[in-house]
Amino acid sequence: MKSSNGKGRKAYKQFHADLLLKLEMRSNPEALSLVRATLERAAEALNFHSVERRAIVRSVDEALANVMRHAYEGKSGLPIVVTFRRLYGQNPQACEGIEVLLEDEGVAVNPSKLKGRPLEDIRPGGLGLHFIRQSMDEVEFSRKHGKNQLRMVKYLAIPKTESGSQGE
Amino acid sequence: MEIAARESQGGTILDLSGDIDLAHSPAMRKALLGEIKEKRTPKVFLNLKNVRYIDSSGIASLVEGLKASREIGSRLILYSLSNTVREVMQLSRLQKIFEIYENEEQALSS
Chain A
1 MKSSNGKGRK AYKQFHADLL LKLEMRSNPE ALSLVRATLE RAAEALNFHS
51 VERRAIVRSV DEALANVMRH AYEGKSGLPI VVTFRRLYGQ NPQACEGIEV
101 LLEDEGVAVN PSKLKGRPLE DIRPGGLGLH FIRQSMDEVE FSRKHGKNQL
151 RMVKYLAIPK TESGSQGE
Chain B
1 MEIAARESQG GTILDLSGDI DLAHSPAMRK ALLGEIKEKR TPKVFLNLKN
51 VRYIDSSGIA SLVEGLKASR EIGSRLILYS LSNTVREVMQ LSRLQKIFEI
101 YENEEQALSS
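If you're matching them up, the sequences are chains A and B in order.
Take 1 as the starting number for the first sequence in the numbering used here and just add one per residue.
Take 1 as the starting number for the second sequence in the numbering used here and just add one per residue.
It is worth saying that the hints were derived from the structure and are not from the lab.
Worth double-checking, as some hints may not be accurate.
[Unchecked claim] Simulated restraints on C-beta separations:
#1 Q93(A) x Q90(B): 33 to 39 Å
#2 L34(A) x R40(B): 34 to 40 Å
#3 L34(A) x N50(B): 18 to 24 Å
#4 R70(B) x M25(A): 36 to 42 Å
#5 Q95(B) x Q90(A): 39 to 45 Å
[Said to hold, decoys possible] Pulled from the structure, derived: some chain B residues nowhere near chain A, Cβ distances all over 10 Å:
#6 D21
#7 A23
#8 K39
#9 K49
#10 S57
#11 S74
#12 R75
#13 S109
All residues carry an ideal CB built from backbone N, CA and C; glycine is no exception.
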């Protein structure tokens, strides 16, 4: 399953990716606040605007909560790996975005259940996927080597160099 | 997350603070449904001024509370939404189905 929210200006471009951070965590909801705080600082260091930072944090938090509730069916103590990569183009100093990859060893997710629900249907539940799709530029789910993988990308609105000036 | 309750204007004010996420939304849900379904409080005010974060499970609990209040004819009133909470409400397009006020004074006089 792959989706894009239509910000096509990046779609044709080739990006390089540097490992920024790799977290090995367990499926304990209490750990979510630690991931949010860490990711908030990482996104800030990459010069994401506050609205974009909240979008990234919200998406990763919702995705992790989905893993805990659905892939691991509420069982705690099971492994989740979260990898953050910094994306850049021809100029390595100009960060252009962040890629987040979540991997879990839970039950295979049925792609037909990854549609969320219509927002007109006012009832509890089913909002997490909607938040992710609204907040990230690319969302891609796959099943590889017995693991669920969720890849999400958020591009910087205006690429900036590490010194803060506008990049390429 | 912390929840403190106080009485006011024929209802109960629940002051929420901290993060309402997968770890803590069950506690908020329990407090909210306790006021609405068990105590049958005619007006339940949620003060969200100090809520730093709310996820979809927190929003789901608010929707559940709203449905429960409509079933018994009571009111669920939200006020002082932080930027984070407001953004999530807009994303879920729920801001129009809740009674939302800017501050406590406006909420209590509604």
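Hints and how they fare:
| no. | hint | in the structure |
| --- | --- | --- |
| 1 | Q93(A) x Q90(B): 33 to 39 Å | holds (35 Å) |
| 2 | L34(A) x R40(B): 34 to 40 Å | holds (39 Å) |
| 3 | L34(A) x N50(B): 18 to 24 Å | holds (20 Å) |
| 4 | R70(B) x M25(A): 36 to 42 Å | holds (39 Å) |
| 5 | Q95(B) x Q90(A): 39 to 45 Å | holds (42 Å) |
| 6 | D21 | violated (5 Å) |
| 7 | A23 | violated (4 Å) |
| 8 | K39 | holds (21 Å) |
| 9 | K49 | holds (17 Å) |
| 10 | S57 | violated (7 Å) |
| 11 | S74 | holds (18 Å) |
| 12 | R75 | holds (17 Å) |
| 13 | S109 | holds (27 Å) |
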